[in-house]
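Q: The chain contents come next:
2 protein chains.
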Amino acid sequence: MKVKRAGNQTVVFADSPVILSSYTVVGPMEGRGPLGKTFDQVWPDTLNKEKSWEKAESKMLQEAMQGAVSRSGFGKEQIDFLLAGDLLNQLISANFAARQLGLPLIGLYGACSTMALGLAVAGMLIDGQFARQVLVGVSSHHDTAERQYRMPTEHGNQRAICAQWTVTGAGSVLLGSEGDGPRITAATIGRILDFGEKDTNNMGAAMAPAVADTILNHLKDLNRQPSDYDLIVSGDLGKVGLRLAKEILLKSGVAVGEEFSDCGVMIYDAAQDVHAGGSGCGCSSVVFAGDILRKLRAGTFKRVLFVGSGALHSPISCFQGESIPGIGHAVVIEG
Amino acid sequence: MKVKRAGNQTVVFADSPVILSSYTVVGPMEGRGPLGKTFDQVWPDTLNKEKSWEKAESKMLQEAMQGAVSRSGFGKEQIDFLLAGDLLNQLISANFAARQLGLPLIGLYGACSTMALGLAVAGMLIDGQFARQVLVGVSSHHDTAERQYRMPTEHGNQRAICAQWTVTGAGSVLLGSEGDGPRITAATIGRILDFGEKDTNNMGAAMAPAVADTILNHLKDLNRQPSDYDLIVSGDLGKVGLRLAKEILLKSGVAVGEEFSDCGVMIYDAAQDVHAGGSGCGCSSVVFAGDILRKLRAGTFKRVLFVGSGALHSPISCFQGESIPGIGHAVVIEG
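Here the protein sequences come in this chain order: A and B.
According to my numbering, numbering within the first sequence proceeds without interruption in unit steps and concludes at 368.
According to my numbering, numbering within the second sequence proceeds without interruption in unit steps and concludes at 368.
Be aware that a few hints might be false.
Copies of one chain are not kept apart here, so a pair can be met inside one copy or by any two copies together.
PhoX-like cross-link-like pairs, simulated, lysine-lysine; straight-line CA separation at most 25 Å [claimed, not checked]:
hint : residue 1 : residue 2
1    : K284      : K84
2    : K253      : K335
3    : K253      : K109
4    : K109      : K35
5    : K82       : K272
6    : K284      : K70
7    : K84       : K231
8    : K37       : K109
9    : K84       : K279
10   : K272      : K231
11   : K231      : K82
12   : K109      : K328
13   : K279      : K335
14   : K272      : K70
15   : K37       : K284
16   : K109      : K335
17   : K272      : K284
18   : K82       : K279
Treat the hints as calculated values from the structure; they're not laboratory data.
In this text the structure is predicted, and so the values were computed from the model without any measurement.
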């Protein structure tokens, strides 16, 4: 059988799927950050009149997905699949948002890597001729994630200096087989790497090895150099993880400088006191669907490697003494 | 663009992917049930020397996946993707099992529908020429699910008569582009239906509308009748949900009798005191990878419609007053 693959982990799209439209909704803190103007909607607060943060997150994701659909000009009946995910137990943000949309749903879990994973799977479904249009939607919410993974926000407990701040945001992208826009040309599905990090306040360190592994395998599979990309952007390693990933790459013979950045580093200003930066699958989804896609559409970037990074633990696995497995999924987007 | 689709929700495989091998591991209660002899491994107890039920579930899934791989004769390097999921928060059973295998991982969440969802997505990745072989692995564990969704097992609280018993089991299937075995010829990806059921002890009722919806759309998309199948099997509606799904189908003009059964009804004997039957994504995965595949291989069944059913709630969504969204994903397997 002929396969659309290169090397061990990379798939290559024959008829590169197009990103037809995108839409982002964020919380007030993200709106005040350096990328604030790149987002489509900024909520005045993190509840926005909903009764709980969980309901607010689901509403935010729903608005992002409906925004991407209505901006595309396609009707809902022309969208063949919805790929959606979030950080919460049993993906409730995604499931309750999907309930409102009524589209055939494939639920994905890749922690903070979910947008990149969704783009990769959507690309395969379209390029494989199983769909004409596929909607991808991903969200996270600071306060739902705190309740889920750490301590309720109301505790007001002190955060570690290496900790990242979960972004309140939802990003959605509509991909299609035909049309104008940036194109997904390849994707590298990651494997789990776990170097034994057990500190849930240091997820950058837990994810860095897997991100570096995926970048190295991606470059090897396609016989490319970092200089073949205008931007390599992970989401979300934060400051600590980004530095570690660069170190691992350097030790593996791949030197990357400023052209390797991270959505978690980009989304907040140092003055916003978020310590190591942003995280949560909303982070990479709104930075990708906002700033990065704008620059690809404008021609500022010709080719970007977007590497979603996920920490695949749960509070229970950590309580039981397990370390944190990391994963990285990469997609190539060309303007 | 030419698409491999029929109707609104169904994809049709041009080069139907083959189920090359399968492997099942179950707990002692499932081993004593009417399908006990169809499973490859029966554990003597639900811990099997692991320190926690969560570690046991992950080990069980790992053994099922390794069993399917080694039985197939393929090396790990010939497997392009692992699709895996379970019921636990952040898919820890799947993620920790995947850590041991080192394969490129796509994490799926469809609650009890995950095996059917995994088969559908694996089929698209293979038929779309993005993979030669894809491994699918899905598990659930009675005691980890109780801790997660209801009360710790140690509470010993009384179960409602309409409640289902989460199966302790893991099933894995290796699919390939070429070879001998039953073939996946079509798949119908479901959309969420929610008729307002809020009783988490009655998940059969919550899932029945979505299962009926997927069956109706599947039959319409392919212009088929229930009699075109030797077996229509949901997983897992239990006794209550199966009866409701049949009623909904009948009201929609589709009469089905004994040829429509349910993995949750099949896996336990009435004398095992499980009330409405089995549930959990391990249930449909071990019944499918065990009994159903055996009968497809033996020629007892020529064509089966396997409809995974998922209840997409979480304890938090229920505490916040939400009803339970249901989903059904269907795959057609031909012997």
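Q: Provide an ascending list of the numbers of those earlier hints which the structure does not satisfy.
A: 1, 5, 6, 9, 12, 15, 16, 18
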